[in-house]
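J.: Here are the chains, one letter per residue:
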Amino acid sequence: MDEGFIPYQQSLEDEEQSIKSTQSVIEQAIAWFRAHSMFVLAYGTGCGAIEMPPTFTSRYDIERLGVVGVATPRQADILIVSGYCSPKTLKRVIRSYEQMSEPKYIIGLGSCTINGGMYWDSYNTIKKLDDFLPVDMYVNGCMPRPEALIEGFVKLQEKIRANSSEAGYIQYRTRYAHYRANQERLFGTQVQPRYEENFAGMNL
Amino acid sequence: MMSYLEEHYELIHKTPRLFALHVTREQLLDTLHQITTHTSFDTLSQLTCTDWIEEERFELGYMLTNALRSHNLMLKCSIARDKVTMPSLALLFAQAEVMERELHEMFGIGFEGNETLYDFALEGWCDIPPMRREFDTLAYVNAHYDFREGREDNLDVKEEIKKRKAAAKSAKETPSGA
Amino acid sequence: MERKVITIYHGPQHPGITGNMSVELDLMGETITRARTHVGYLHRGFEKLIERRTIIQAFTIVCRICVPEPDPNEANFALAVERLAGIEVSERASYIRVMVLEMARLGAQLLWMAGQSGSVGLGTVGQWSIYDRDLILDLFEQLTGGRVYHMYIYPGGVRRELPDGFLERLSALLDYLQKRLDAYDRLFFDNASFQKRAIGVGVVRGEEVLRRGFSGQVLRGCGFARDLRRDNPYLLYDQLEFDIPTQSAGDVYARALVRRAEMRESIRILRQVIAQMPEEGAIMQKLPKHRKFTLPKEDTYVAVESARGEFGYYMAGDGSEMIRRMQVKGPSLIHAFSLLEPLLVGEELSNVALIMNSLGICPPEIER
Amino acid sequence: MLLLDLLLMLLIAYGFGFLYYGLYRNLSARVHGRFGPSLAQSFSDSIKLFVKEESTTFGWMFYLGPVIMASGAVLNVLFIPFLNQGESLQGLSSYGNLIVVLYLMVLGPLGNALGVGSSGNPFGVMGVTRGLTRLLALELPFYLAAIGVMIDAGSADFGIIMQAQSTQSNMFAHPLLFAAAFISFLGFMGKSPFDVVGAPQEVYSGPATEFSGKFLALLMSQSAMFSFAKLLLMVNLFWGGADHLGELVAKTFVLFVAATFIGSVYARFSTVQSVEFLIRIPTLLGIVGLALL
Amino acid sequence: MKFELKNSLAPLSALSKIFEHPQTLCYPEVKSETVSGYRGFHINDLSTCIGCANCQDVCMNEAIDMIAIDKDKNPKNNSGCIPRIDYGRCCWCSLCTDVCPPDSLKLESECIWADDDANRFLYQPKDKPC
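First to last, the sequence lines map onto chains A, B, C, D and E. Using this note's numbering, the first residue of the first sequence is number 1270, and each one after it goes up by one. Using this note's numbering, the first residue of the second sequence is number 89, and each one after it goes up by one. Using this note's numbering, the first residue of the third sequence is number 616, and each one after it goes up by one. Using this note's numbering, the first residue of the fourth sequence is number 447, and each one after it goes up by one. Using this note's numbering, the first residue of the fifth sequence is number -1, and each one after it goes up by one.
Keep in mind the hints are simulated off the structure, nothing from the lab. A portion of the hints provided could be inaccurate.
What the hints assert, rightly or not - If you only want the chain E side, here are some residues facing chain B, beta carbon under 8 Å, derived: (1) I48; (2) G49; (3) A51; (4) D63; (5) M64; (6) A66; (7) N76; (8) S77; (9) G78; (10) C79; (11) G86; (12) A116; (13) N117; (14) L120; (15) D125.
To be verified - Label pairs and their in silico Cβ distance ranges: (16) A/R1444 - C/T622: 52 to 62 Å; (17) B/R145 - C/D641: 38 to 48 Å; (18) C/V960 - D/L739: 42 to 52 Å; (19) E/V28 - C/M892: 52 to 62 Å; (20) B/R145 - C/P903: 45 to 55 Å.
All C-beta atoms, glycine included, are put in the ideal place defined by N, C-alpha and C.
My request is simple: use the sequences and hints to build the entire structure.
T.: Rendered as structure tokens:
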């Protein structure tokens, strides 16, 4: 473990180089459009929702990157889980995530989604978000600054353009049993509609 | 306003604008009735409960404030920690209904006359009421959630110091002994 | 002809909700027949966590209780600990605390304006007011090192000295905000279509408004000039002169006008603080080590006027270094239940977001 | 030859529709004091939505709803002539007249009602009922103004209407009629204070709540073309049409900027309020305008 | 409600904003300069850190682990351990920097980091002389 954060930049570039050669031009074009037009679901789940207004309005204006807030999960591509998440909120977050149409991504804000944050010993918050949902990008901070949130979107754009095969929504389909087991451990068995009915026919 | 309270109840002066008085569970309703009619303390601004587990009692605090919001009066009423219900104030104060719902869920205190005692913050909670002192939140967390790995190489600094001192001492003896 | 009633959730995932809570509405057409508020989405069990932390450790978690305006929580916590432990705070530290509280109030009012105008579709006001609030957050960044969560008002004083040139930058910002408030008057408060939407909606009147424990703009909107900064003064508010703006109509527009006047009052207070701030004075009292800082077996009640109403803290010590019990009562606990539910009956669905923003309902402080 | 003409008109409407939609986001961003997205952002949004998968479908009527709306928008574009004389870009206007276009403008909300009705989402149904009640009130002043223009020109045919304005365009000849038509034009374009149909703070985005993926892309494209058609209609009826494409773009741009700026500084009326407002002042203007003909 | 012309036309004055320069900080292109004293990532001067674990004791999030160091930078470091911060727990309250006796643990103002692998957030403070 050398000091600071391992430089994330070049680890992504060489991954992109290796994938770019295998992608056809059309796939690269589609990935470009997906990266440059991201619809975020208007759902402030935790205290990070206080840093979204400055990011989406005139001070930091994330619409320059093509990011717009939309009202319903049907129209959304990205779900921002902003900070801690109580089981009651997690049920609604999972339901919203499952209603979104693919390809869909999750951004986890703050340290509470990584390892429990400062509510690590609270009986009513979940500790690791990626036990229950596939998280595509974590943004560090308590609460992350608008610039950090934009940095998260920029890195997510690179990841979308890289069109990597283990993106979040693919993992949610392939490893659904793992996520389902964790969800049932928390909520009991009969709560959620089983998500896999509507991808039963698809080739995983 | 203060004169009425002085003669009728033994008042505790906590600060120039904060008073307290103890009342038992039976006298609660008519004391409240007397206070709200004779003095200007007619608004319930907070309903608190402190769990004194070693003295086996819940101490309920009815925070009253006057119409000018300049003084506060704390009505403190101690009850046993379980199987005791309190009279509901939902008819006297509309805001008491939600406060009682919260205390019912967090401490398990029953309030007769308050029909809306359904769940306030926790959904599908099947453990003992969480704010009671005997509920250990860390044990609950370790039972229901698991943390991220990768932090096992934490060392206890005191043992390390002892080990280094022992190593340093043994290093000093061996050259002399060798 | 039996009218069909459907139940919808103005739910946690909704652009028109002021945070993460939901209102269950029974609708006949678009008219609401019954409303029930559901909270608990943001419950983290603050009071349980505080019983596991020493006082200085609990100080850092307290400001996370209410997100739009964290500073009244820090001030409440510091005042309660100082009253129980008997700590005296220097005058300069009290002046800095008043400055921080008034700057936070201005930021919260600007954030309210964004929510209120968003609920009637006026996006432009929200874009401007959140930019102006961000200028205040820049000053907080230089002063405390944090944008939203400052962790600055410490039991016994404040944690850092003012950076040099801070008061000049603050008064420059106040002049800029004074001009901005006139621009908001033209665009938002005197906007004919906002007046058409806001006048006569969500009316709170009547004598028993005081008995039901409402506070803040709800009281001042229907004629009662109640403000804890003057009725039950704390810190140095009795040495500053400011007046309490009130309106008489008691509807959404009256509460908006009250907030408009309060923003100018906050600027006036901040100017007095800049003028009267003493130059020297210790900003922090020496406190014992955090494992040995104990509170006596005493309890007290402290209340601070936040941008939305009275924020009350009950705190009880038990002689150990941990706080025995701390209970927080924000204004939204009363406004969201015993006021919002009867107020929404008979209203149109399009007025739900309008009324919720006007009452200043902030869900994290309801269930903590 | 006609087929080529129709295709060219559709391409122009599609291109300008998205250009204006991108321009709308940029202009309102500048009023907000920010840069806003690139002009082609709306175009890339619709392409992204085309390659997305829909999360749910509610039977064949749910499919047909957006198709009917798109057909309403396309027919509107084809029946309104782009230029006021000459052979090219006349479309089907020789086969129809102003009354046919006014009838076709109702097709969109009708398709919307059918599609959303089959989805059964309460917010979608609420959005559609709001749309239909507001449409009722919007049509009143617009039809008065249209009748005034037809009486003044003596016929409902676009060519004659535009010929009659060769000396002085209707906007200056009958200012009251233009004012009534412009206020209801704001409503047709979905600009505040009449954008109650898809108000996100109230009914999640109204009729478009259930549509996702390709449906949403179709909705975006047809609303872009439909708004270009309405701009075209206003220019033809009240500004004497356009001799060449450049003049057409200039005139539609002016009307578009006026609508955008008004839309970004006014709050939104509720459904009842917008109906009450539209019945009083714009209708009065229309009646007085008719009397002064 | 009577129809006041003044109130209906007042909002149009807001359109003068289009002539002013937009007030946006374009983050990815223009990196805004960081404020001195902003609570960002940790830095720890290993030459003065004595491995006393005061920071671990005061941190209520239990975010700080004391891990053994390979190269012995500070002879006075009698426990041979230095702090490592778990950024899945830290709340940047900087209580640890207040209680650090040799004042070796500090917060720099660099604070922007996004990553798609959650296990990369165990942060080893950079060794910077403060």
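J.: Could you check the structure against the hints above and give me the numbers of any it violates, in ascending order?
T.: Numbers 1, 15, 16, 19, 20 - these are the hints that the structure violates, sorted from lowest upward.
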